[in-house]
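Chains A and B supply the protein sequences, listed in that same order.
Counted the way my numbering counts, the first sequence spans residues 470 to 768.
Counted the way my numbering counts, the second sequence spans residues 3 to 298.
Treat the hints with care, since some could be wrong.
What the hints assert, rightly or not - Label-pair ranges, simulated between beta-carbon atoms:
1) D270/B to N635/A: 47 to 57 Å
2) D270/B to N695/A: 26 to 36 Å
3) R714/A to V119/B: 38 to 48 Å
4) D270/B to R709/A: 23 to 33 Å
Bear in mind the hints are in silico, worked out from the structure with no lab data behind them.
Cβ atoms here follow ideal geometry from the backbone N, Cα and C, with glycine treated the same way.
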Amino acid sequence: MKYFSKTILIFFLFLFFLSSTKVFAANVFVSLSPVVNVGENFEVLINANSDGILINSINLILDYNQDLVSFSGYKNDDALIRFWVDSPYEKNGNIYMSGIIPGGVLGLYDPNKKELGAIPLVSLLFTAKKEGIATFSFIKTEILKHDGKGTELIHKENGGEVIIRNSIIKSDNLNTKDDVSDKEKPESFEITLLEPFVFGRTPLMIVFRANDNGSGIKEYKINEGNSVWKNAKSPQQISRGIFSRDITVRAFDFYDNFQDSNIRIPGLISPQFLWIIFILIIFCIWGYKMIKYKYEMSL
Amino acid sequence: MSNYFLKKIIIFSLFFLLLGGRNLYAQSPVTETISVSAIVAGETVVVTPGGGSSGSIIIPETAVRFSGQAYPNALVSLLKQGQVKAIVKANKFGDFTITLEEDYDSNTLFSLFTEDVLGNRSFLINYPIVVQVGFITHLSGIRFAPTITTDKAEARFGDYLTVTGYALPKMEMEITIKNVEKKIFSFISSKEGSYKIVLPLALLPEGDYVVFIKYINDNRISKLIKFAIGELNIFNTEISLNIPGDCNADKIINLIDFSVLAFWYGKDNPPLCVDTNKDNIINLIDFSILAFYWTG
Numbered sequence: 470m471k472y473f474s475k476t477i478l479i480f481f482l483f484l485f486f487l488s489s490t491k492v493f494a495a496n497v498f499v500s501l502s503p504v505v506n507v508g509e510n511f512e513v514l515i516n517a518n519s520d521g522i523l524i525n526s527i528n529l530i531l532d533y534n535q536d537l538v539s540f541s542g543y544k545n546d547d548a549l550i551r552f553w554v555d556s557p558y559e560k561n562g563n564i565y566m567s568g569i570i571p572g573g574v575l576g577l578y579d580p581n582k583k584e585l586g587a588i589p590l591v592s593l594l595f596t597a598k599k600e601g602i603a604t605f606s607f608i609k610t611e612i613l614k615h616d617g618k619g620t621e622l623i624h625k626e627n628g629g630e631v632i633i634r635n636s637i638i639k640s641d642n643l644n645t646k647d648d649v650s651d652k653e654k655p656e657s658f659e660i661t662l663l664e665p666f667v668f669g670r671t672p673l674m675i676v677f678r679a680n681d682n683g684s685g686i687k688e689y690k691i692n693e694g695n696s697v698w699k700n701a702k703s704p705q706q707i708s709r710g711i712f713s714r715d716i717t718v719r720a721f722d723f724y725d726n727f728q729d730s731n732i733r734i735p736g737l738i739s740p741q742f743l744w745i746i747f748i749l750i751i752f753c754i755w756g757y758k759m760i761k762y763k764y765e766m767s768l
Numbered sequence: 003m004s005n006y007f008l009k010k011i012i013i014f015s016l017f018f019l020l021l022g023g024r025n026l027y028a029q030s031p032v033t034e035t036i037s038v039s040a041i042v043a044g045e046t047v048v049v050t051p052g053g054g055s056s057g058s059i060i061i062p063e064t065a066v067r068f069s070g071q072a073y074p075n076a077l078v079s080l081l082k083q084g085q086v087k088a089i090v091k092a093n094k095f096g097d098f099t100i101t102l103e104e105d106y107d108s109n110t111l112f113s114l115f116t117e118d119v120l121g122n123r124s125f126l127i128n129y130p131i132v133v134q135v136g137f138i139t140h141l142s143g144i145r146f147a148p149t150i151t152t153d154k155a156e157a158r159f160g161d162y163l164t165v166t167g168y169a170l171p172k173m174e175m176e177i178t179i180k181n182v183e184k185k186i187f188s189f190i191s192s193k194e195g196s197y198k199i200v201l202p203l204a205l206l207p208e209g210d211y212v213v214f215i216k217y218i219n220d221n222r223i224s225k226l227i228k229f230a231i232g233e234l235n236i237f238n239t240e241i242s243l244n245i246p247g248d249c250n251a252d253k254i255i256n257l258i259d260f261s262v263l264a265f266w267y268g269k270d271n272p273p274l275c276v277d278t279n280k281d282n283i284i285n286l287i288d289f290s291i292l293a294f295y296w297t298g
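The following block holds chain A by itself, in its conformation from the complex (with noise of 0.2 Å):
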């Protein structure tokens, strides 16, 4: 009778168990080349499963081997992040990023498969320095729900890992990715001014979003009418000037290939404005001398 309860509690445990793990099937991962070549670069794809449910933001923080690999940037193509809070950057070997979808998004639609894939977060590139087995693990991970209240979506984690073989011949049978080297310039972007609202602290600011599907946008600069270049980030407090003037942003890649734009910023006084002036003070003098010419003649 005690071994049929015993039995019983061990099945009833078990189920409860099996039921219990369902709780967890959202999670973030991942998904990387095997082994690849030193000197070669490669992509570490973070995707998430968000077990159907809608989510729209994330703040990821990812550990790496700063010996055995370089971050050398990330590929907004085939990933769904376009709206970065802080887009992905290196820190003490680690990769900061947070973003998010507008809309929220459920998973990816492949008519080759079932069921929903998992959602393409980010594609981050790095390069292989050294011979040895590299890790990606994260160290923070928040996934927000689409719920219009930003609650947190239950998760867990699975980083990955890379071999890196010494080897100088490419083998055909390695899975490595072509070598992502980036030579083309950011696409062209535009800049927006964005004036103050009517009573509000929002001061004037420019907005502005480039695009590099080869290495993703590292940094920006900005040059304000003189020949300094000074870091910026979109979007940028800027001030108004008596006159206007123009401002060029540059949008610079992880392989240093950059694309500018510019904007005119208007000034306090507008050219019309002056030429209203100058007529008016040449109008004033003619007027003056008029009747200076009148009085003189009265008399």
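Got chain A sorted already, so can you dock chain B onto it with the hints?
Relative to chain A, chain B alone:
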């Protein structure tokens, strides 16, 4: 004693399994009946629904097609990577079909939104699709939630709130008023797709509420409209629709609003219109709320 203890554990386990073991951490998944298929391209087909167009057309070699239901005579816009690529008009039943030629093989983010005949926009719906060269990838079964507008930003205690909008014709819908508790009203849209319902607020205490609408047996909800029950009736005007994050009050949530939010990200004392959840901090949650209300 041990037998008694074992029995208790078994009963607890059974209770857990039967009454929600699987839903302990329920995250309310969206259940949609969207089907995606790929058919070999190149044949001549007849396009009938939507767009008001008919007749034979040659379907391009590689294409994506979206079909589903919006509202009668609504305009449905298709965006590719955030850029508008096509706009079609739904027919009088609300059915639409959009076909867009594609030229390469990749994962592409397509988005759709619709505008009812009064110009009220639906939410944006995203479909990232694996496009295959030589195939028409067809996504069918899309259904937009109804549009919704209210007559008041604040209703006097015990007064009424009028909710109007557009939906599919003669559809069963339910409207929900929610703060701590929620109140649900069911009704059917007209044969033209319009609806107007006057909701009694007599039993609801003063406070902040949201109201939204959805089709019965559908999880996709409309926009959430905020309103308050207080001492006065304050009617909605054209310039004030109380959309979170819409600081320039243009009724559109787009890159401009994103940029304003990004400016205040991590800064102290943000303006009220930017702080979408009113917690005096601008963080990822505010961006998530902005992404929820995004119209493009």
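Quiz prompt | Those earlier numbered hints the structure runs against, lowest number first | solution = When the structure is compared with the hints, none of them turns out to be violated.
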